[in-house]
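Participant: Mind docking chains B and C on chain A? Use the hints.
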Amino acid sequence: MSDMMLLFPIFVPVFLGAVMFLVPGKAKWVKEALLLIGTAVTLVVSILFFGKNMDFVLPWGGFGMDLSLKLYQFSSFILLSVAVFAFLIALYSVVSMKGHEQAKKFYAYMLLTLGFVSGAVLANNLIILLFFWEGLLVLLFAMIMTGGKKASPTAVKALVLNGVADLCLLLGVGITVFISGTAAMDKINLPMDFWGSFAFALMMIGAIGKAGSMPFHSWIPDAAIDAPLPFMALLPAALEKLLGIYLLTRISLDLFIFQPGSGMSIAMMTIGAVTILLAVMMALIQKNFKRLLSYHAISQVGYMILGIGTALPIGIVGGLFHMINNAMYKSALFLTGGSVEKQAGTTDLEKLGGLGRKMPITFTCFFITAAAISGVPPLNGFFSKELIFEGAAESGLVFYIVALLGAFFTAASFLKLGHAAFLGKRRTEHDNVREAPWPMLVPMIIIAAGCILFGVYNALPLNNLIQPVLGAKLGGESFAGILPASWLLAGISVGVLVLALANHFFGVKRTKSGLGAVDHIHYAPGLKTVYKWAELRYFDPYNIGMVIVGGISKVLWWVDRGIDWVYDKFTVRLVNILSLGIRKAHTGSHRLYIAWALGGMALLAVLVAVLI
Amino acid sequence: MLDSSMNVWMVILLSLLLLSAVFAVMIRDLLKAAIALAAVSVVLTVIMFLLGSPLAAVFELSVCAGLITAIFISAISLTKPGTQEELAAKRRLRLKRFIYLPILLVLIGVGLWLAWPSLKLDIAAVGTGAGLSVQQVLWDARSLDILGQIIIILAGVFGVVVLFRGRKAR
Amino acid sequence: MPALFLLIPLLGVIIINLPGRKIGNRMAVWAALAVAIIQIGMAVTSGSMVWQGLAQVVSLPFGASLQIDLFTAVVLATTGLIAAMSLILDKNAENPRSLYFGSLVLVTMMGMNGVVMVRDIFSLYVFLEITAVASFVLISINKERDPLEGAFKYFVMSAVATVLILAAIAILLLTVGSVGFKAVADNLSAGGVSPQVIVALILFIAGLSIKAGLIPFHAWLPDAYSSAPPAVSMLLAGIITKVTGVYTIMRLITDVFSISSIMKTAFMVLGAVSIVIGALAAMRQDDFKRMLAYSSISQVGYIILSAGLGTPLGFAAALLHFFNHATFKSLLFVNAAAVESRSGTRQMSRLGGLASKMPITGGTSVVGFLSTAGVPPLSGFWSKLLIVIALWQAGAYFYAVVAVLASILTLAYFLIMQRRVFFGKLREGLESIREAGAAAVVPSLILAGITVLVGLLFPLVLLLMQSQGLI
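Residue numbers (this note's numbering), protein chains in the order written: chain A, 1 to 612; chain B, 1 to 170; chain C, 1 to 471.
Treat the hints as calculated values from the structure; they're not laboratory data. Positions of the beta carbon are idealized from the N, C-alpha and C atoms, including for glycine. Treat the hints with care, since some could be wrong.
[To be verified] In silico DSSO-like cross-links for lysine-lysine, where the CA-CA straight-line distance does not exceed 30 Å:
no.	chain 1	residue 1	chain 2	residue 2
1	B	Lys32	A	Lys584
2	C	Lys425	A	Lys569
3	C	Lys425	B	Lys32
4	B	Lys90	C	Lys425
5	A	Lys584	B	Lys90
6	C	Lys143	B	Lys80
[What the hints assert, rightly or not] Here are some chain B residues pointing at chain C (derived, C-beta under 8 Å):
no.	residue
7	Leu61
8	Val63
9	Glu86
10	Leu87
11	Ser143
12	Leu144
13	Gln149
14	Phe158
15	Gly159
16	Leu163
Excised from the complex, chain A in its bound form (with noise of 0.2 Å):
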């Protein structure tokens, strides 16, 4: 295998993506032959790539920056969860797509992604990583627009969040190149000095802004409702997340000396555990299926940094397993998602209730994988959650109890959904509510059976994809086996499962209802406020900084108005009063003109004899 074939991931679907603009609107099946195509010949080629070890350097702009592409351990188990989750989600969308008048678009910028997203995998050198991560960013912003007119406030506010985390990243990819002198990525190890710790925060905000942690997250649940549903099954849940976490470890490990009870590693568990509990805290109130997810999304993120930022083997595997295992169950929760939009007509909690009976296969997917999300034994968010909590209690006791705490909302909060959605009673006008097609329902099973095996089995995952990622870190240790290795914290997670569902059965006797399982908590004293608050978007980094934002612009309005007027009035009135001056002062007679000659002479006379 030549390793010109390192270029075949990302130019076979960037090829297709071009083509499919190319296709005409009215062609049947032809832009969807060109999706599966696409998404299948990088699966393949990614499957073909699994465990090899390739480099492909070719000297492009000069100055070092090479389009230099690296296949290895970690970037091919990457590469291939990529374009299992492309293949799947592009085969759901096939269907759910069908008949959007934005379907070809959608499909290209898809498969456009798909590319970019390989590109920044492979990429070995951190200019070319920039290269497609902005690419990304563009995608990203056509992809929210895919939703219609109503999408693009939301599409604007992701451009602007990304690209401020994306501007981080490039300080951050500056800096480091500058101090290091290259800009090959695995020739770079630089210390945590202040430059380095400097260089690491701006490049860690870069990553987890990908991820979709906060602060850089309020585009995704709006985007959860403007955005077509497998726009979120594919970015936020699964693609981003695989980016975003796989640029965080390859910074924490490789291009960084980042050590245990750092600054820096305290910094990013704080974030974490953060973002864990504030996201869940927002998922639990929500009364809408998508939007819910999408909080989930966030919060799922926390565990992965809080993991990672542990800086301890544990972690970082318990990190990189969650990372996995949340694309898997996220996206196919979303996938479900999309199915009880595509055949009841809405996400909205309050007009759902009872699909169970009606489309049973979508309701054990999402049983599966809810149960997987809340870390329920022995599914796959079960072990890797409890690799995190060893790591974040072995770093301090604070992180471990949010982190469980967080667990205790995710629990509370899927059961919420689950009851509101698929149980209680079903609504006269869902009377005929039929199952999902096929298509759709194939990616869901496939991954919910994945959420088993790799619960099940988990040293399939662990052995092979992740902790060979570590490699000597880890000083041949292993994770993986049929039971976590501290009893202790294993029966604190399940208690605390226990607890959510007495608070579920609490929630419902009270309410009467599935949907008020939390509003107990929801109208808490204090609590109700913030809620409030928060649902009024008083904390949405978007938009206090638009509104400071839009407090310097009017500041600089001002300040523009000044310079308006000395372009506009003064330089103009100057202009005319000196013109209308000099016209005035020729006024024909040449005896003037002679004494200006003669006076200009004089000036020249003086003006010389000065400089002599």
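Facilitator: Just chains B and C now, kept in the frame of chain A:
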């Protein structure tokens, strides 16, 4: 080269030259102005003689003082005199127009007088075209200028033809 | 060969005015045009071997007094070009005096060619006078009131310039004892700068500044340019003042008064003042041609500023701007003539919306003014860019900023012009206006073509300049 008695003569002659020139510009009668101009040429001729350039002096006398004055006078004889009112108006205007001239002259004189020592114009130091006969100067060294003069005359002829011939037709 | 540049026009004048044979007005202009075109050809090929070979076979007079170098050749070619355009344009005016017009254009050409080729300050003066005398007559050739007034002002100011230049030559002759460029230059460099020389220098600069129309020596120029017949104002603005004033200054800077820091400052101040005041004055003019005249002053300021810098790049930029300005300013004067001949007025307040009726004139004038303002990719952009670069390299940051800011003023007044004359609503009474005749359209298309081509093919121009060792 210039001794002191010569200097006295030069100062007198130059003053005379200046006086005639101012007179030529200021006088209101065209005829007298033409004669004053001729006087300027005559004085200039004398100066050139004294400075040892007889050929230039002869040219100056014959062409400027003689020929040009003759042309001027014949041209002026073709005009008709203005009325008393016109003359009076012109006189007032002229006085107004030239009121600054004496002041200007005085100022320039003072300026030159002050600047003279620092300028150190050492006229005696260089000779011009010494050793060459007039013939050589005109036809060998400066033949291009002769061509130039011919062309200037050509241009002048065109000017006269263009500007003055049409008037007769009108 | 140099003598041919004088003898061929002289022959032309003689043929046109041969007594006895009645040669028509029309033929006279054609003959003069032929001479101008021959001049372009000769100037362009002046560096080739053919002429060198010829010089060995036939010996022409004045070989020693006249010389041609690259600078000279460029100016000779430009002279031929603008003279040819002017002669074509004259047919537009249906001038009954074409016979004299043709002859006088040839005389001015002789004068300018002489100015360009001589290497002797006295001969320089003689040829300056030829050009001046012919120009007076040309301006007033129609014997109307305004042109006569303009010619008179030019005459008076020119007389002042003559006095100043003659006085300067006299002083130089006294101190140096010779009038050849080389001799004077050698003497100056050997003896150091004496007060006499400085006085002579100031007189010379002042005299030539009058010829070039630099501020504050410029006042004759707007009257003369705006009142002269179309073909003549184009000739005046495009080439006559440039050769008699700008070229002479540049030549004396390089060949005679090897530039000292004092001279540098003097020229740069003159240039910068002309740039700014010329542009400001152009802003509020109502007369189309008068506005162009002030614009001309401003552009000449650029040339002097750049040449006065004294660096090789500055000189090259000045030379390029010299050529460019000759083409695009002539273009604008042609268009002004076209507008005047069709609408009967030069007052911009009485014009408007002509672009719809006169598309070629309107379009080419856009090319002309954009090039003047230095908008890429037209020729004026490159020369102004070179000027600014030259200024910046030499550390003359203030002047560089002035040059750039004045470009904005240039753009402003030309936009005003374009809006008032060509764009906007067609004014009442102009409905029946037509595109100008071939006599105006042909020159404007040729000149616009040159402007665009020099701009687009600038890399080639740059290569040429490099191969000639200019930069």
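Participant: Please go over all the hints and tell whether each is borne out by the structure.
Facilitator: We went through each hint and held it up to the structure:
| no. | hint | result |
| --- | --- | --- |
| 1 | Lys32/B x Lys584/A | violated, 38 Å |
| 2 | Lys425/C x Lys569/A | holds, 26 Å |
| 3 | Lys425/C x Lys32/B | violated, 61 Å |
| 4 | Lys90/B x Lys425/C | violated, 50 Å |
| 5 | Lys584/A x Lys90/B | holds, 27 Å |
| 6 | Lys143/C x Lys80/B | holds, 22 Å |
| 7 | Leu61 | violated, 20 Å |
| 8 | Val63 | violated, 17 Å |
| 9 | Glu86 | violated, 20 Å |
| 10 | Leu87 | violated, 23 Å |
| 11 | Ser143 | holds, 7 Å |
| 12 | Leu144 | holds, 5 Å |
| 13 | Gln149 | holds, 7 Å |
| 14 | Phe158 | holds, 6 Å |
| 15 | Gly159 | holds, 4 Å |
| 16 | Leu163 | holds, 6 Å |
When held up to the earlier numbered hints, the structure conflicts with 1, 3, 4, 7, 8, 9 and 10 and fits the remainder.
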